[in-house]
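Taken in sequence, the protein lines are chains H and U. Start counting the first sequence at 1; every next residue gets the next number (this note's numbering). Start counting the second sequence at 1; every next residue gets the next number (this note's numbering).
No lab work stands behind these hints, which were simulated from the structure alone. Misleading hints may appear alongside valid ones.
[As the list claims (entries may be wrong)] Listed next, the in silico BS3-like pairs over lysine-lysine satisfying Cα-Cα at most 27 Å (straight line):
id : chain 1 : residue 1 : chain 2 : residue 2
1  : U       : K70       : U       : K2
2  : U       : K42       : H       : K11
3  : U       : K98       : H       : K62
4  : H       : K15       : U       : K42
5  : U       : K92       : H       : K62
Fair warning: this is a prediction, and the values are worked out from it, not measured in the lab.
In case you want the letters, here they are:
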Amino acid sequence: EAGVVQSPRYKIIEKKQPVAFWCNPISGHNTLYWYLQNLGQGPELLIRYENEEAVDDSQLPKDRFSAERLKGVDSTLKIQPAELGDSAVYLCASSRATATDTQYFGPGTRLTVL
Amino acid sequence: QKEVEQDPGPLSVPEGAIVSLNCTYSNSAFQYFMWYRQYSRKGPELLMYTYSSGNKEDGRFTAQVDKSSKYISLFIRDSQPSDSATYLCAMKSTGGFKTIFGAGTRLFVKA
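Chain H extracted, bound-state conformation (with noise of 0.2 Å):
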């Protein structure tokens, strides 16, 4: 079974320009979830979806980043314009339905801001 997919891994950009993730979940899993870890940190949640629905965004800064899950499979977070604090690791997670399924990890997109 394949895992949890993403792309690009590592990506640099200069502040205020734009930039966008790209995941494929595993296959069947309804729940992606969208994580920032920071060095040194753990994962924070940005956002989740069930199926094409954002359910908890709370934690996504909406002024500059935006994400979406079209046919609730794919997603990509686009962040526009990019600032210097942003340079982390962006992490995307799957899982089935419930809320005791086991999370599985991608390996992350590294972005550095300059």
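Keeping the supplied structure of chain H fixed, place chain U upon it in accordance with the hints.
Chain U alone, transformed into the frame defined by chain H:
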């Protein structure tokens, strides 16, 4: 104060040692407790998943939960260099999808 506290380490031990990793938490609603292992430049992978209090063993790994003290532990027996990674504790409440992670403890096992 963070909901989940975890000593970041680093923790360095010789091969074969017993490793003890710990987290404390403040939210008494947490019922599900997890330990993830994260290798450098990889995503976290689930090691142990326990519900409520008690012990759970899986090979060289044992997870303990003491809800009365709001304290969880992960023990690694016969540690190997391949166990060198960051270990993240995580927890969530019943019916809750939101998982709260600790900051992670970096472990180095020296051959």
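Hints and how they fare:
no.: 1; hint: U:K70 <-> U:K2; in the structure: holds, 13 Å
no.: 2; hint: U:K42 <-> H:K11; in the structure: holds, 15 Å
no.: 3; hint: U:K98 <-> H:K62; in the structure: holds, 19 Å
no.: 4; hint: H:K15 <-> U:K42; in the structure: holds, 25 Å
no.: 5; hint: U:K92 <-> H:K62; in the structure: holds, 25 Å
Hint violations for this structure: none, all hints satisfied.
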